[in-house]
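One line per chain: the protein sequences are C and E, in this order. For the first sequence, position 397 (counting from the first letter as 1) is numbered 397 according to the working numbering, and the numbering increases by one without interruption. For the second sequence, position 70 (counting from the first letter as 1) is numbered 70 according to the working numbering, and the numbering increases by one without interruption.
The hints are simulated quantities; they were obtained by calculation from the structure and are not laboratory data. Please note: incorrect hints may appear among the correct ones.
Where chains are identical, the list cannot tell them apart; a pair therefore holds if satisfied intra-copy or between any two copies.
Derived lysine to any residue pairs resembling SDA-like cross-links, with alpha carbons at most 25 angstroms apart [to be verified]:
#1 Lys287 x Arg458
#2 Lys287 x Tyr459
#3 Lys287 x Thr269
#4 Lys287 x Glu309
Number of protein chains: 2
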Amino acid sequence: VASADARRANLRAGKGFLASALAGEGRCVPTSAIQAWLEDRRRSHRFSVRPIPFDRLQSWSFDSDTGNLHHATGRFFTVEGLRVTTNYPAPATLCQPILNQPEIGILGILARRIDGVLHFLMQAKMEPGNINLVQLSPTVQATRSNYTQVHRGARPRYLEYFVEPRRGRVLADQLQSEQGAFFLRKRNRNVILEVEEEIPPHEDYCWLTLGQLKAALRTAHAVNMDTRTVLSLLPLASSHLELEALGLAERARSDGSFAGALLRSSLATSGCVSSAEELASWLTCLKAFSEIEVREVPLRSLPGWTRDEHSIHRDDGGYFSVIAISAEADNREVPGWSQPIVRTHATGISGFLVKPFDGILHFLVQGHMEPGIFDMIEMAPTVQFLPGSAVQTPPYLDFFLDPPPGSLRLDGLQSEEGGRFYHYQTRNMVVELPETADVELARGYVWMSLGQINQFLRYNNFVNIEARGLIACLGLDEWIGGG
Amino acid sequence: VASADARRANLRAGKGFLASALAGEGRCVPTSAIQAWLEDRRRSHRFSVRPIPFDRLQSWSFDSDTGNLHHATGRFFTVEGLRVTTNYPAPATLCQPILNQPEIGILGILARRIDGVLHFLMQAKMEPGNINLVQLSPTVQATRSNYTQVHRGARPRYLEYFVEPRRGRVLADQLQSEQGAFFLRKRNRNVILEVEEEIPPHEDYCWLTLGQLKAALRTAHAVNMDTRTVLSLLPLASSHLELEALGLAERARSDGSFAGALLRSSLATSGCVSSAEELASWLTCLKAFSEIEVREVPLRSLPGWTRDEHSIHRDDGGYFSVIAISAEADNREVPGWSQPIVRTHATGISGFLVKPFDGILHFLVQGHMEPGIFDMIEMAPTVQFLPGSAVQTPPYLDFFLDPPPGSLRLDGLQSEEGGRFYHYQTRNMVVELPETADVELARGYVWMSLGQINQFLRYNNFVNIEARGLIACLGLDEWIGGG
Numbered sequence: 001v002a003s004a005d006a007r008r009a010n011l012r013a014g015k016g017f018l019a020s021a022l023a024g025e026g027r028c029v030p031t032s033a034i035q036a037w038l039e040d041r042r043r044s045h046r047f048s049v050r051p052i053p054f055d056r057l058q059s060w061s062f063d064s065d066t067g068n069l070h071h072a073t074g075r076f077f078t079v080e081g082l083r084v085t086t087n088y089p090a091p092a093t094l095c096q097p098i099l100n101q102p103e104i105g106i107l108g109i110l111a112r113r114i115d116g117v118l119h120f121l122m123q124a125k126m127e128p129g130n131i132n133l134v135q136l137s138p139t140v141q142a143t144r145s146n147y148t149q150v151h152r153g154a155r156p157r158y159l160e161y162f163v164e165p166r167r168g169r170v171l172a173d174q175l176q177s178e179q180g181a182f183f184l185r186k187r188n189r190n191v192i193l194e195v196e197e198e199i200p201p202h203e204d205y206c207w208l209t210l211g212q213l214k215a216a217l218r219t220a221h222a223v224n225m226d227t228r229t230v231l232s233l234l235p236l237a238s239s240h241l242e243l244e245a246l247g248l249a250e251r252a253r254s255d256g257s258f259a260g261a262l263l264r265s266s267l268a269t270s271g272c273v274s275s276a277e278e279l280a281s282w283l284t285c286l287k288a289f290s291e292i293e294v295r296e297v298p299l300r301s302l303p304g305w306t307r308d309e310h311s312i313h314r315d316d317g318g319y320f321s322v323i324a325i326s327a328e329a330d331n332r333e334v335p336g337w338s339q340p341i342v343r344t345h346a347t348g349i350s351g352f353l354v355k356p357f358d359g360i361l362h363f364l365v366q367g368h369m370e371p372g373i374f375d376m377i378e379m380a381p382t383v384q385f386l387p388g389s390a391v392q393t394p395p396y397l398d399f400f401l402d403p404p405p406g407s408l409r410l411d412g413l414q415s416e417e418g419g420r421f422y423h424y425q426t427r428n429m430v431v432e433l434p435e436t437a438d439v440e441l442a443r444g445y446v447w448m449s450l451g452q453i454n455q456f457l458r459y460n461n462f463v464n465i466e467a468r469g470l471i472a473c474l475g476l477d478e479w480i481g482g483g
Numbered sequence: 001v002a003s004a005d006a007r008r009a010n011l012r013a014g015k016g017f018l019a020s021a022l023a024g025e026g027r028c029v030p031t032s033a034i035q036a037w038l039e040d041r042r043r044s045h046r047f048s049v050r051p052i053p054f055d056r057l058q059s060w061s062f063d064s065d066t067g068n069l070h071h072a073t074g075r076f077f078t079v080e081g082l083r084v085t086t087n088y089p090a091p092a093t094l095c096q097p098i099l100n101q102p103e104i105g106i107l108g109i110l111a112r113r114i115d116g117v118l119h120f121l122m123q124a125k126m127e128p129g130n131i132n133l134v135q136l137s138p139t140v141q142a143t144r145s146n147y148t149q150v151h152r153g154a155r156p157r158y159l160e161y162f163v164e165p166r167r168g169r170v171l172a173d174q175l176q177s178e179q180g181a182f183f184l185r186k187r188n189r190n191v192i193l194e195v196e197e198e199i200p201p202h203e204d205y206c207w208l209t210l211g212q213l214k215a216a217l218r219t220a221h222a223v224n225m226d227t228r229t230v231l232s233l234l235p236l237a238s239s240h241l242e243l244e245a246l247g248l249a250e251r252a253r254s255d256g257s258f259a260g261a262l263l264r265s266s267l268a269t270s271g272c273v274s275s276a277e278e279l280a281s282w283l284t285c286l287k288a289f290s291e292i293e294v295r296e297v298p299l300r301s302l303p304g305w306t307r308d309e310h311s312i313h314r315d316d317g318g319y320f321s322v323i324a325i326s327a328e329a330d331n332r333e334v335p336g337w338s339q340p341i342v343r344t345h346a347t348g349i350s351g352f353l354v355k356p357f358d359g360i361l362h363f364l365v366q367g368h369m370e371p372g373i374f375d376m377i378e379m380a381p382t383v384q385f386l387p388g389s390a391v392q393t394p395p396y397l398d399f400f401l402d403p404p405p406g407s408l409r410l411d412g413l414q415s416e417e418g419g420r421f422y423h424y425q426t427r428n429m430v431v432e433l434p435e436t437a438d439v440e441l442a443r444g445y446v447w448m449s450l451g452q453i454n455q456f457l458r459y460n461n462f463v464n465i466e467a468r469g470l471i472a473c474l475g476l477d478e479w480i481g482g483g
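With the rest of the complex left out, here is chain C:
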């Protein structure tokens, strides 16, 4: 039975994100010093990563029967084959290697009010596939194998807050999917807990406001994918009360900046192009009328793919390959290891086309099928494109290859998760069109306000990781520092 205190705390829930997003400076590290601090953490440790042939992998081997690549313990993940037959968005049969990692890991961030403003405990963490090795990562980033200590390494720092019994107040706690193009039904627990007590400091960690994190996201490859997916669960503004409490209600009503438009869109759940019921119906119909048959098949006999001593690659050399690497780090749970990893062959594009309707900014959202997806179809950015994939020229791609003058609201390179991807980067973009622009709605696309997207984000498996990563990058730039 909850106490009156707990109930009062519940009523407070959801508040404080906006104030933190508007805090361009925090109490622990000057914003201008974040990159130098990351660089310092990078220099203070010994890291090395190099590609190796498969036969140099430790504890990993190809199954003699299926050709699947697995770890001797049966844990971590397996590289398998997948065959998908679908009629959405168009009839196709897709065959490709897929990473099967059925366990649910933890991506956890601790939060704390310092001088009344929410700060988040970020980790300078090395991942072997990161372009710059060390990026801002969640407080805890642990696979189940990790935290049940299959590798016999140290227990991840601060893990105790996130296992049962949970310590702290829940700000968000969701199972969310990861890249369905590369993972078979993989999901992680995305969780943010607010604690009251001081946390023992450690040199690889620092407290940052949401505004500081949004600023760090302006630099390429500074904030890792796991941080982005967790932060996406925090709405820019969750109620008008929050704006009023900060004395910003009037400004938000009339402000002509993109930040103002984002705030208004974040609060819009009615008066939108589609009702919540219509959006649910749109997705339900896409799922009900699509036929998607997913079959795990032996990696050995995957049509169009070849394995040699260095990689599993497509015969045309395109899209991606699976390679092996050897890694060393003096501050990880285990000092040295080797593992398979996905190497993509091009830079991806994730882009939202946005446009006001009756003054409310809407995002053009795609119902997207991916081979390893958890539930058939998820909400994705307008364009989600990696050269070599099945869809060669998706609708609306031209808006991102050649944006109309003055339309670019966001444009930055971000890394995909460095534990499973080797130097995989995606260009994250937002292109805004004027209210007068006439955009034809292709089948499988729908306009949603940011507030409507946030509603779906509060439930599992609706908004895909590419869309979540982009949403995390949306900041209130013009509103910071009196702008």
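Mind docking chain E on chain C? Use the hints.
Coordinates of chain E only, in the frame set by chain C:
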């Protein structure tokens, strides 16, 4: 791009359910005549159903390799074997036959405002496993095989409203799960569309208000499971504005009846025992920390189960068996057919324990694992019990076997779906305890207001079909007819 009209219609969405729930009489059939009408439809058709040995099944056969029972076309459903290894709620390995029906069917109800009050178009439909053969069913109840006409029968009446392009305004449209104890990841589209135009009448259909349907639910086996799951998507009250519009706000605040408590609970999403974030976290943690491994195995080699010429049954004769039946009906898409069907060996119990906290009625909800469940764990009634299943005496069972005097708010027999279950009935119960009662919270249980349950009902795969069926039975009895 939505027109201004469409946007105005969106703003209206969600309204009108309460007025319909309070309408104890409709414009088409007197409430007292519903059972006689059902009886009349039953008498006016020729129906017959009888058990047959497996070798008399038409177009169904056992696979010579796996022993799985399938249809010659590969469609409809397959009876397969399932092995589940889990640690939730307790370590166990479960083996049982399971119905694999991967296609998404339609459970669709058409709604129309008659004299301003929402009426729903209900069908008197025969299903072979129904105890009384004919029950009130959705306007359209069609498997994908059904509506793509694999059986070469007639196209289901009114189907055209529910396929693309959809005709009518969406009141609800969700993919929802069915019994995870018997189906492998089965989901159906639960949809209610409001139309403006008159619908051509047909003798097997009639228009009823929500209040009339709630009244019909007081009679055993009158309203089928498909109707109950679809109706569960309509909240009793969705906003205070709705109560004000009907002049009921004051009465709802102070009314001491169970109906009043239900209305207040239906509107309570804050000030509850747990916040929305805490509820999401509770379910996320149950999923993240449970290990559930589901493996399809050949039916032939299922430990503890035996097939003879009449049934596939457990060696101890308990729980359920799979049998075969032959059916005839002169008003179905095909006049005669035979099929496998699940026969349960006892009456089930589905019961919610409810209790006020600070004056707000809360429901004791269970995180429930079922072998064929779509997403590991769903929200279930306090007690969901079929003798012979793995859990022999679930927590809180005594409240339903021997309810405290004066605590029973609902108690009725309902049928499970007669197309897949043969005479499977469940006792649906609600037991209310006083605010002063001290109920210990077992692991995996949580208190939720009806409004909080309704929030999760707006998204897929959170609230299981047993809970949805019970929620559909909740009516405003004391408020109907001035009571």
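The hints, checked one at a time:
Taking identical chains as interchangeable, the C-alpha atoms of lysine 287 and arginine 458 lie at most 25 angstroms apart whether they share a chain (20 angstroms) or sit on different chains (16 angstroms). In this assembly of identical chains, lysine 287 and tyrosine 459 lie within 25 angstroms of each other by CA distance both inside one copy and across copies; the values are 17 angstroms within and 14 angstroms between. Taking the shortest alpha-carbon separations for lysine 287 and threonine 269, only the intra-copy value of 23 angstroms comes in at or below 25 angstroms, while the best inter-copy value is 29 angstroms. In this assembly of identical chains, lysine 287 and glutamate 309 lie within 25 angstroms of each other by CA distance neither inside one copy nor across copies; the values are 40 angstroms within and 39 angstroms between.
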